[in-house]
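Q: Put together the whole structure using the sequences plus the hints.
If you read the sequence shown in the working numbering, its first letter stands for residue 3, the second for the next number, and so on.
Mixed in with the good hints there might be a few duds.
[Claimed, not checked] In the DSSO-like style, the derived pairs of lysine-lysine whose C-alpha atoms are separated by at most 27 angstroms in a straight line are:
#, residue 1, residue 2
1, Lys317, Lys197
2, Lys683, Lys31
3, Lys547, Lys197
4, Lys717, Lys651
5, Lys198, Lys304
6, Lys700, Lys223
7, Lys368, Lys304
8, Lys789, Lys840
9, Lys833, Lys683
10, Lys196, Lys162
11, Lys833, Lys789
12, Lys717, Lys679
13, Lys196, Lys487
14, Lys547, Lys198
15, Lys102, Lys607
16, Lys651, Lys607
17, Lys317, Lys368
18, Lys485, Lys102
19, Lys31, Lys119
20, Lys789, Lys119
21, Lys683, Lys651
22, Lys683, Lys755
23, Lys196, Lys607
24, Lys485, Lys162
25, Lys317, Lys198
26, Lys487, Lys197
27, Lys102, Lys602
28, Lys227, Lys602
29, Lys679, Lys833
30, Lys162, Lys198
31, Lys31, Lys547
32, Lys31, Lys755
33, Lys45, Lys31
34, Lys368, Lys162
35, Lys547, Lys152
36, Lys679, Lys607
37, Lys546, Lys144
Read the hints as simulated data drawn from the structure, not as lab findings.
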Amino acid sequence: MTEQQGRESEGYDFQAIQDRWLPVWDQMKPFEVSDADSAKPTKYVLDMFPYPSGDLHMGHAEAFCFGDVLARYWRGRGYDVLHPIGWDSFGLPAENAAIKRGVDPREWTYANIAQQKASFRVYAPSFDWSRVLHTSDPEYYKWNQWIFLKMYEKGLAYRKASWVNWDPVDQTVLANEQVLADGTSERSGAMVVKKKLTQWYFRITDYADRLLDDLDQLEGKWPTKVLNMQRNWIGRSRGAEVEFEIEGRDAKVPVFTTRPDTLHGATFMVVAPDSDLAAELASGASAEVRMQFQAYLEQTQKQTEIERQNADREKTGVFLDHFAVNPVNGERIPVWASDYVLADYGHGAIMAVPAHDQRDLDFALKFGLAVRVVVDVLDEDGVSLPDPATSGVATTGDGTLVNSGELDGLGKQAAIARAVEVLEDRGTGRAATTYRLRDWLISRQRYWGTPIPILHAEDGSMQPVSEAALPVVLPSTEGLDLKPKGTSPLGGAEAWSTVVDPETGAELRRDPDTMDTFVDSSWYFFRFLSANDDTQAFDPAAAKKWAPVDQYVGGVEHAILHLLYSRFITKVMHDLGYIDFEEPFMEMLNQGMVLLDGAKMSKSKGNLVEFASELEAHGADALRVTLAFAGPPEDDIDWADVSVQGSAKFLARAWRIADDVEASGAAKGASFADGDKSLRKHTHHLLADAPGLIESYKFNVVVARLMDQVNVTRKTIDSGAGAADPAVRESAEAIAVILSLFAPYAAEDMWSKLGYEPTVSLVEWPVADPSLLVEDEVTMVVQVDGKVRDRLTLSASVTEAEAEAAARASQAVQRSIGDRQVVNVIVRLPKIVSIATKPA
3 MTEQQGRESE
13 GYDFQAIQDR
23 WLPVWDQMKP
33 FEVSDADSAK
43 PTKYVLDMFP
53 YPSGDLHMGH
63 AEAFCFGDVL
73 ARYWRGRGYD
83 VLHPIGWDSF
93 GLPAENAAIK
103 RGVDPREWTY
113 ANIAQQKASF
123 RVYAPSFDWS
133 RVLHTSDPEY
143 YKWNQWIFLK
153 MYEKGLAYRK
163 ASWVNWDPVD
173 QTVLANEQVL
183 ADGTSERSGA
193 MVVKKKLTQW
203 YFRITDYADR
213 LLDDLDQLEG
223 KWPTKVLNMQ
233 RNWIGRSRGA
243 EVEFEIEGRD
253 AKVPVFTTRP
263 DTLHGATFMV
273 VAPDSDLAAE
283 LASGASAEVR
293 MQFQAYLEQT
303 QKQTEIERQN
313 ADREKTGVFL
323 DHFAVNPVNG
333 ERIPVWASDY
343 VLADYGHGAI
353 MAVPAHDQRD
363 LDFALKFGLA
373 VRVVVDVLDE
383 DGVSLPDPAT
393 SGVATTGDGT
403 LVNSGELDGL
413 GKQAAIARAV
423 EVLEDRGTGR
433 AATTYRLRDW
443 LISRQRYWGT
453 PIPILHAEDG
463 SMQPVSEAAL
473 PVVLPSTEGL
483 DLKPKGTSPL
493 GGAEAWSTVV
503 DPETGAELRR
513 DPDTMDTFVD
523 SSWYFFRFLS
533 ANDDTQAFDP
543 AAAKKWAPVD
553 QYVGGVEHAI
563 LHLLYSRFIT
573 KVMHDLGYID
583 FEEPFMEMLN
593 QGMVLLDGAK
603 MSKSKGNLVE
613 FASELEAHGA
623 DALRVTLAFA
633 GPPEDDIDWA
643 DVSVQGSAKF
653 LARAWRIADD
663 VEASGAAKGA
673 SFADGDKSLR
683 KHTHHLLADA
693 PGLIESYKFN
703 VVVARLMDQV
713 NVTRKTIDSG
723 AGAADPAVRE
733 SAEAIAVILS
743 LFAPYAAEDM
753 WSKLGYEPTV
763 SLVEWPVADP
773 SLLVEDEVTM
783 VVQVDGKVRD
793 RLTLSASVTE
803 AEAEAAARAS
813 QAVQRSIGDR
823 QVVNVIVRLP
833 KIVSIATKPA
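A: Now the structure itself:
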């Protein structure tokens, strides 16, 4: 620290400033908003709410810094801003921690919430603390249950037996989205296996087209990466559904294909070993085939979905002793079971066209099945590619149909269209669309979640809990064994589980499962609108005022699950008539990660930078400025590369300017027009540029501009004009207003020193004076033969002739030209004069 910086830091005590303003803000409650009509326009700014797994961490510090910058900015631009906070407090981490410690999950959860809330208070995000919610409160999850009942009434909630992803450590099912690319659970890290269970689902596939097509509305508003992830997950494929007869079976088997034009090349059928169809066909086969199939099924169930889809694996399978009939040529084709077909793809069966699909070809060559070319694919020289049966390489490109009857000679698109017509004419198929998206499995076999509001009778019938009986509250954990064991602990709560039907007197049992916690977060942004209303999930009038969310901030790790489910629930709420919009989040900002020495922070790695210790050592303002200044929000930040101390020095320099103005006795209200013009121009350029920079998330550039403004203002003070110059006060006020986005404590203290009442966070931004944005002078670069030889400061009204004359008069330019002859001069106002020469 230089001697001058040391002097500027004198008196700046972040702890004293925090202690001074926190109680004031607590009393003022400046960020509470009303649902009453207002003349101001509205903005709903929302951060993805945190999970209370301990104290806040540096990732939280970054995300909530960015969200708060935007919330504070829009207030300064004259908007009423709703910026709420809550906790996503149900889920396995709390339950597992409670089991480990031998305590109730509530105890662990709410202690962590209290700790995080205390840290938030010091960090000072501009939250409306009157709307706090916790998803584990009965007052919240009552409305989870209400949403479930609405879905049940609409036919969107249903129960079925199916193969599910099973986490053998946490002993609960997982949605497809919760299985990582390597086949492990995102929860426990265990290798996920398949298990057949009866589970509850939400019929999200009914909304697949809308979920996909409506993404077009978000182009340019959401990150392209997120839009593509959503599109890929929904995975719409267009083609045909072809009906195959299987000898000895009355019902036809529908098979989806994107290439119905290749049906003449289908030489066998493959069904998933874990499908109901495979079990049915195997049951009618010989005893030897039944034994082979059972052994193969058990082998398949030990494999992950990722392993099964690995195209490089050696193909395995069992002939099911049945034949199907190809609907276009009447050929008998054998039916096999193989693990490379998945039970939840289409109907769990595919037509195999080995000449034009590598996996089918590998299977056909392994088991000696027929390979028939039906698409003549040419290489770059116009020569037909080798026969896959001999080359071992499937021909997958476009080409001309051959060996395909009436399709012969057609190209791909024409052949597909004609093949669909043929199928429809014969009644053996139709145009169809399929999706990668599967229905949302919401059942969980754990305690710490929302009870499913369904009652079961002994005869297997079900009835929903009445709305008047909501919430179905979780029982006490006393006497319950929460340890994972494959069934929900709630089934062991006998007094809670048993219900007597008041109309019939029959004994009913509560559903023992709880809901996936993604249900909790799929609609919490609606609950913030009416967080304290126990009569409805949310007030439609409040939704009309505030929603949808204008600005959403959070991590890209939620790009599929949370966003997809939130969009689905929003569309359901729209269809039920509660809202008049269909997309929940208009603008999206994904922040990067906070790393240390290039690695993700982790206690186990011993590279954890603790938020609490950084907050105590440097104060909230310095942390916030450091995070905002470190780079574009979407980029990762390496904490080893940033300087919190540098941010603290900058804050001290900014704060000292207001201190100097106060000490000078310069009163507020004086005309700024009499101040130093150069400084005033600098100030108004900042005021003019900052809004566009913030709205495009260039927070680091705004901080850099603030640092520059502080330096220029300090130079003006030190040049002899002194802090009493009206332009210095104007600059100090602008610095305080813009700085309040990043460093609310220092800005508030500056605002107070400048003679104003709190809070600077509610002050509308000063408007830039257009006359001060006009440049009096310009800097023109002079090049000689492509090399920069001088920079000239000229009048902004300079003409081309004047610019050329000034360039020729430059001594540096004259030296560069020397005795060479000038052959051409190009003047491009107000940037450059380019002089070309040749030997004399």
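Q: For each hint, tell me whether it holds in the structure or not.
A: Evaluation of the provided hints:
A distance of roughly 23 angstroms separates the Cα atoms of Lys317 and Lys197; the hinted pair therefore holds under the 27 angstroms criterion. About 36 angstroms separates the Cα atoms of Lys683 and Lys31, which puts this hinted pair outside 27 angstroms; it is violated. With a CA separation close to 46 angstroms, the supplied pair Lys547 and Lys197 exceeds the 27 angstroms bound. Between Lys717 and Lys651 the alpha-carbon distance is near 17 angstroms, which keeps this suggested pair within the 27 angstroms criterion.
The hinted pair formed by Lys198 and Lys304 meets the criterion: a straight-line CA distance of about 13 angstroms does not exceed 27 angstroms. Between the alpha carbons of Lys700 and Lys223 the distance comes to roughly 15 angstroms, so the proposed pair stays at or under 27 angstroms and holds. With a CA separation close to 22 angstroms, the supplied pair Lys368 and Lys304 stays within the 27 angstroms bound. Between Lys789 and Lys840, the direct Cα distance comes to roughly 14 angstroms. Compliance with the 27 angstroms bound is thereby established for this hinted pair.
For the hint pairing Lys833 with Lys683, the CA-to-CA distance comes to about 20 angstroms; that is within 27 angstroms, so the pair holds. Between Lys196 and Lys162 the alpha-carbon distance is near 15 angstroms, which keeps this suggested pair within the 27 angstroms criterion. Distance hint between Lys833 and Lys789 is fulfilled; the C-alpha atoms sit about 15 angstroms from each other, no more than 27 angstroms. Between Lys717 and Lys679 the CA atoms are separated by roughly 14 angstroms; this keeps the pair inside 27 angstroms, and the hint holds.
Annotation: proposed proximity of Lys196 to Lys487 holds, straight-line Cα distance about 16 angstroms (limit 27 angstroms). The straight-line distance between the Cα atoms of Lys547 and Lys198 is roughly 46 angstroms, outside the 27 angstroms bound, and the hint therefore fails. Taking the CA atoms of Lys102 and Lys607, the gap is near 21 angstroms; set against the 27 angstroms cutoff, the hint holds. Restraint check for Lys651 and Lys607: the C-alpha separation of about 32 angstroms exceeds 27 angstroms, so the hint is violated.
Straight-line distance between C-alpha atoms of Lys317 and Lys368 comes to about 7 angstroms, which keeps the hinted pair within the 27 angstroms bound. Taken as a hint, the Lys485 and Lys102 pair is honoured in the structure, with Cα atoms around 9 angstroms apart against an allowance of 27 angstroms. Proposed proximity of Lys31 and Lys119 is supported: the alpha carbons are some 15 angstroms apart, at most 27 angstroms. Our distance criterion of 27 angstroms between C-alpha atoms is broken by Lys789 and Lys119, whose separation comes to about 60 angstroms.
For the hint linking Lys683 to Lys651, the alpha-carbon distance of about 25 angstroms falls within 27 angstroms, and the restraint holds. Note on Lys683 and Lys755: the hinted pairing holds, with a Cα-Cα distance of about 24 angstroms set against a maximum of 27 angstroms. About 32 angstroms separates the Cα atoms of Lys196 and Lys607, which puts this hinted pair outside 27 angstroms; it is violated. Annotation: proposed proximity of Lys485 to Lys162 holds, straight-line Cα distance about 26 angstroms (limit 27 angstroms).
With a CA separation close to 24 angstroms, the supplied pair Lys317 and Lys198 stays within the 27 angstroms bound. Pair hint Lys487 plus Lys197 holds up; C-alpha atoms about 14 angstroms apart against a cutoff of 27 angstroms. About 25 angstroms separates the Cα atoms of Lys102 and Lys602, which keeps this hinted pair within 27 angstroms; it holds. Distance restraint check for Lys227 and Lys602: the Cα-Cα separation of roughly 21 angstroms lies within the 27 angstroms cut-off, and the hinted pair is therefore satisfied.
Restraint check: the Cα-Cα separation between Lys679 and Lys833 comes to about 24 angstroms, which is no more than 27 angstroms; the hinted pair holds. About 10 angstroms separates the Cα atoms of Lys162 and Lys198, which keeps this hinted pair within 27 angstroms; it holds. For the proposed pair Lys31 and Lys547, the alpha carbon gap of about 21 angstroms is at most 27 angstroms, so the pair holds. A hinted pair counts as satisfied when its Cα atoms are at most 27 angstroms apart, and Lys31 with Lys755 qualifies at roughly 21 angstroms.
For the hint pairing Lys45 with Lys31, the CA-to-CA distance comes to about 18 angstroms; that is within 27 angstroms, so the pair holds. Taking the CA atoms of Lys368 and Lys162, the gap is near 36 angstroms; set against the 27 angstroms cutoff, the hint is violated. The straight-line distance between the Cα atoms of Lys547 and Lys152 is roughly 24 angstroms, inside the 27 angstroms bound, and the hint therefore holds. Taken as a hint, the Lys679 and Lys607 pair is broken in the structure, with Cα atoms around 55 angstroms apart against an allowance of 27 angstroms.
Restraint check: the Cα-Cα separation between Lys546 and Lys144 comes to about 23 angstroms, which is no more than 27 angstroms; the hinted pair holds.
In the structure shown, a violation is registered for the earlier hints numbered 2, 3, 14, 16, 20, 23, 34 and 36, in ascending order.
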